[in-house]
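Student: Starting from the structure of chain A, add chain B where the hints point.
Listed below are the residues making up each chain.
2 protein chains.
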Amino acid sequence: MRKKILNYDELVREAGFAINSPTKGCIVILEYGYKIWEIIQRRLDQLIKDTGHSNVYFPLFIPESLMNKEKEHVEGFSPECAVVTHGGGVRLQESLIVRPTSETIMYETYRTLITSYRDLPLKYNQWANVVRWEKRPRPFLRTTEFLWQEGHTAHATQEESIEEVLRMLNIYKTFIEEYLAIPVIAGRKSDNEKFAGAVATYTVEALMRDKKALQCGTSHDLGQSFSKVFEIKFQDKENKQQYVWQTSWGVSTRLIGAAIMAHRDDKGVILPPLIAPYQVVVIPINNLVNAEYIVRIEKELKDKGLRYVIDNRDESAGSKFNKWELKGVPIRLEIGDRECERQTISATSRLGKKVNTPINEFFNSIDSLLLNFQNELFVRATEFQKTNTFDIDQFTEFKNLFGQGKSSGFVKAYFCGSKECEDTIKSETFGVTSRCIPLDETNGEGSCICCKKDVNGKKTIFAKAY
Amino acid sequence: MRKKILNYDELVREAGFAINSPTKGCIVILEYGYKIWEIIQRRLDQLIKDTGHSNVYFPLFIPESLMNKEKEHVEGFSPECAVVTHGGGVRLQESLIVRPTSETIMYETYRTLITSYRDLPLKYNQWANVVRWEKRPRPFLRTTEFLWQEGHTAHATQEESIEEVLRMLNIYKTFIEEYLAIPVIAGRKSDNEKFAGAVATYTVEALMRDKKALQCGTSHDLGQSFSKVFEIKFQDKENKQQYVWQTSWGVSTRLIGAAIMAHRDDKGVILPPLIAPYQVVVIPINNLVNAEYIVRIEKELKDKGLRYVIDNRDESAGSKFNKWELKGVPIRLEIGDRECERQTISATSRLGKKVNTPINEFFNSIDSLLLNFQNELFVRATEFQKTNTFDIDQFTEFKNLFGQGKSSGFVKAYFCGSKECEDTIKSETFGVTSRCIPLDETNGEGSCICCKKDVNGKKTIFAKAY
Numbered sequence: 018m019r020k021k022i023l024n025y026d027e028l029v030r031e032a033g034f035a036i037n038s039p040t041k042g043c044i045v046i047l048e049y050g051y052k053i054w055e056i057i058q059r060r061l062d063q064l065i066k067d068t069g070h071s072n073v074y075f076p077l078f079i080p081e082s083l084m085n086k087e088k089e090h091v092e093g094f095s096p097e098c099a100v101v102t103h104g105g106g107v108r109l110q111e112s113l114i115v116r117p118t119s120e121t122i123m124y125e126t127y128r129t130l131i132t133s134y135r136d137l138p139l140k141y142n143q144w145a146n147v148v149r150w151e152k153r154p155r156p157f158l159r160t161t162e163f164l165w166q167e168g169h170t171a172h173a174t175q176e177e178s179i180e181e182v183l184r185m186l187n188i189y190k191t192f193i194e195e196y197l198a199i200p201v202i203a204g205r206k207s208d209n210e211k212f213a214g215a216v217a218t219y220t221v222e223a224l225m226r227d228k229k230a231l232q233c234g235t236s237h238d239l240g241q242s243f244s245k246v247f248e249i250k251f252q253d254k255e256n257k258q259q260y261v262w263q264t265s266w267g268v269s270t271r272l273i274g275a276a277i278m279a280h281r282d283d284k285g286v287i288l289p290p291l292i293a294p295y296q297v298v299v300i301p302i303n304n305l306v307n308a309e310y311i312v313r314i315e316k317e318l319k320d321k322g323l324r325y326v327i328d329n330r331d332e333s334a335g336s337k338f339n340k341w342e343l344k345g346v347p348i349r350l351e352i353g354d355r356e357c358e359r360q361t362i363s364a365t366s367r368l369g370k371k372v373n374t375p376i377n378e379f380f381n382s383i384d385s386l387l388l389n390f391q392n393e394l395f396v397r398a399t400e401f402q403k404t405n406t407f408d409i410d411q412f413t414e415f416k417n418l419f420g421q422g423k424s425s426g427f428v429k430a431y432f433c434g435s436k437e438c439e440d441t442i443k444s445e446t447f448g449v450t451s452r453c454i455p456l457d458e459t460n461g462e463g464s465c466i467c468c469k470k471d472v473n474g475k476k477t478i479f480a481k482a483y
Numbered sequence: 018m019r020k021k022i023l024n025y026d027e028l029v030r031e032a033g034f035a036i037n038s039p040t041k042g043c044i045v046i047l048e049y050g051y052k053i054w055e056i057i058q059r060r061l062d063q064l065i066k067d068t069g070h071s072n073v074y075f076p077l078f079i080p081e082s083l084m085n086k087e088k089e090h091v092e093g094f095s096p097e098c099a100v101v102t103h104g105g106g107v108r109l110q111e112s113l114i115v116r117p118t119s120e121t122i123m124y125e126t127y128r129t130l131i132t133s134y135r136d137l138p139l140k141y142n143q144w145a146n147v148v149r150w151e152k153r154p155r156p157f158l159r160t161t162e163f164l165w166q167e168g169h170t171a172h173a174t175q176e177e178s179i180e181e182v183l184r185m186l187n188i189y190k191t192f193i194e195e196y197l198a199i200p201v202i203a204g205r206k207s208d209n210e211k212f213a214g215a216v217a218t219y220t221v222e223a224l225m226r227d228k229k230a231l232q233c234g235t236s237h238d239l240g241q242s243f244s245k246v247f248e249i250k251f252q253d254k255e256n257k258q259q260y261v262w263q264t265s266w267g268v269s270t271r272l273i274g275a276a277i278m279a280h281r282d283d284k285g286v287i288l289p290p291l292i293a294p295y296q297v298v299v300i301p302i303n304n305l306v307n308a309e310y311i312v313r314i315e316k317e318l319k320d321k322g323l324r325y326v327i328d329n330r331d332e333s334a335g336s337k338f339n340k341w342e343l344k345g346v347p348i349r350l351e352i353g354d355r356e357c358e359r360q361t362i363s364a365t366s367r368l369g370k371k372v373n374t375p376i377n378e379f380f381n382s383i384d385s386l387l388l389n390f391q392n393e394l395f396v397r398a399t400e401f402q403k404t405n406t407f408d409i410d411q412f413t414e415f416k417n418l419f420g421q422g423k424s425s426g427f428v429k430a431y432f433c434g435s436k437e438c439e440d441t442i443k444s445e446t447f448g449v450t451s452r453c454i455p456l457d458e459t460n461g462e463g464s465c466i467c468c469k470k471d472v473n474g475k476k477t478i479f480a481k482a483y
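Going down the list, the protein sequences come from chains A and B. Per the working numbering, the very first residue in the first sequence carries number 18; after that it's consecutive. Per the working numbering, the very first residue in the second sequence carries number 18; after that it's consecutive.
Same shape as in the complex, but just chain A (with noise of 0.2 Å):
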């Protein structure tokens, strides 16, 4: 019997990485789950402190009228926010929002800490949660609660400010091409699609298994925009009063979504080592026979610094099979009386390998076979997004690709950045946005796919996106 294929919502929840919760729009992360944003966070915190930043709290409430201090801004978060009306038994003066995100809170205390060139740069980030209102919730990429972290820095010039937003952009490539093996496409963003109050947004785009793209993390040129509306001056080496450049940005507990659904397959989730709460699953056949010898590998598993389960469980080991197959532990040792009588391992990779070896020899090569597993998984997401992704010139083709609103990739074509040609796209294919111009593309020359105008310079990524 042919075992029914899980969607995404349905994989999230069998596989025990998160299920709804009683408040609308909001999962509760389980272990399963929860263990990926550890990992995910203890690297990236690391990342973040080795080029200068250190971790702050600022408050979760925002006072509504520093919420409306920048016009762009709060325009752009009004429709999202959650607001606080009643605190400690009575009804406030003053309505709280639910931070959708800190600049204006950040800010209007940056003010007070930034005097003089010598508290520049400012490099501060922080892990919190924020709420912006979601109407089509989908678990790890649009819940209306969600946890991230966020950097804001300040700087005496555009020039290093700018090189800070490229900086974090790249920190977040090499960190997703790296642990979560995604490959993604760093690049900026149209007017259109960039955040609320920012010069210019960077972002990196990927491309899921079923071909729809996932923004993975965003790096915002703020510029003077909030300086200047919460007067955050510096007295520089000339004792001239200037305004600071800002940058912003953020990855969020989306990434485990991102890891889930960039690498699955039929039988569930396929779980990078690198991020696995478990890289290595062990499955005693019999739990009578080889107990010690589960032990002795249980201590291997232990030395080497894996992370690990053993599967003791009263159930079938075909179950077992099928519950971490689900689950996408990359590794899986099945130790049963031969195994125990030859002292081998028999390890089955979650991308089908099989070996049977020498205990000791196994133990020698599991670094490595890990390693192989991480690099065959960025490998064979590198393919898909290339196989995925469509050079068009052509706005029926460009239609057709994604006719009766199906996914279909990346598509690459030149574009000239108006509004109204960006509406018209997403009107006549079901929803198509401009994703990125990719930072490493060359300059070339064309029309635009939608209005035929003359561009000069790069061509643009669509997609259908989460």
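A hint or two may mislead.
Because identical chains share one entry, a pair is satisfied inside a single copy or across any pair of copies.
[Claimed, not checked] In silico lysine-lysine, BS3-like type, Cα no more than 27 Å apart, as pairs: (1) Lys229 / Lys245; (2) Lys316 / Lys140; (3) Lys41 / Lys475; (4) Lys86 / Lys41; (5) Lys257 / Lys41.
It should be emphasised that the hints constitute simulated quantities derived from the structure, not laboratory data.
Tutor: Okay, now just chain B, sitting in the frame of chain A:
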């Protein structure tokens, strides 16, 4: 000229732990304060995981109807709640409570997670922010929003759940004594002071330098109060339906305040090395001459895995000394021409000891210097607690001790435990409350300090509290 002695709030601000935020009742935790939280988190998280708990994440918002399910719980917390009435641009049909604690939102899900004895014990923890409206905020000690961890477990038997309550209380006690160098009294709260909805609340109470008590952490025996209301049942081995037995326990960023308040002197903070953001500060007296020597010192500090800072700012040595004394760094190295020439280190401990030793010798002894510092702080705080604990059996004496509202440490007295007596004591002593009945107190006989009724059992600890 004698410097002004800073009060607690000033100390927190001037030493750079936290500053007031634009949001009423909330603070901004700056990097120097947040680093302490990160150190606390990392260690405590390990202790929590080592005892078999897993981290998860539940929503920030609790639907009002859930919050209202357990009667005592909602009565206790309603006056402190922040309420979201609008979201996504519209008025909500049901208001959302910003979690003051997560029993209700978590246990609604526990019902679906637990069906059989095989699902027990369920041992979850989460690191999160919570909101409890605060009219008289003090940084770290009482703020409208604070950060904490909250553990929530469910067990098959009452015995097991009580064991868990005491296990976690003991972990808090050991952690606070070892890491924060603060002696705490572990005990049980009076009915008047227990957690809203709990059968019993256990606490660890510490004495601050200003002779006020601080509740540092609590562990609640929830019995079956919540499981009966939330219908959390399991099928036991005999196929009978049973309600689970539950516990919850937490510590918060208040611990940062505890560390600041428990060890201060007139010059500022004194931080225990195990939680100090910087264990060592290096102050080069002359930047030009000894740059190379400083590089060597830095290498030694790094190799030792110590947390350190080198203060190269363009300021006088004296003002640097004051700054780092205020901030409480345990060991200060002063490196001038003489030290460089003779290859020695001049080190001054924040507790006053000075040494000048050859560099090799110094770095061979630095671990024990820090260890001794940590121990000395604990001994000092223990003596302070002892000196300021009074065994009292006359109410007049009790009242005199706290006359004019002054704080005078811990009082040990027989107490009948009634709400009437607790209220009388509070009103006649300018707000003294019962802190706990210490677990390790021996049983005795006496009469209630207030109503003179016979008491057969342990004495109770009283104090003015934060």
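Student: Give a verdict on every hint.
Tutor: We went through each hint and held it up to the structure:
{"no.": "1", "hint": "Lys229 / Lys245", "result": "neither (38 Å within a copy, 45 Å between copies)"}
{"no.": "2", "hint": "Lys316 / Lys140", "result": "between (43 Å within a copy, 25 Å between copies)"}
{"no.": "3", "hint": "Lys41 / Lys475", "result": "neither (42 Å within a copy, 48 Å between copies)"}
{"no.": "4", "hint": "Lys86 / Lys41", "result": "between (30 Å within a copy, 18 Å between copies)"}
{"no.": "5", "hint": "Lys257 / Lys41", "result": "neither (51 Å within a copy, 34 Å between copies)"}
Going down the numbered hints, you'll see the structure goes against 1, 3, 5, while the others check out.
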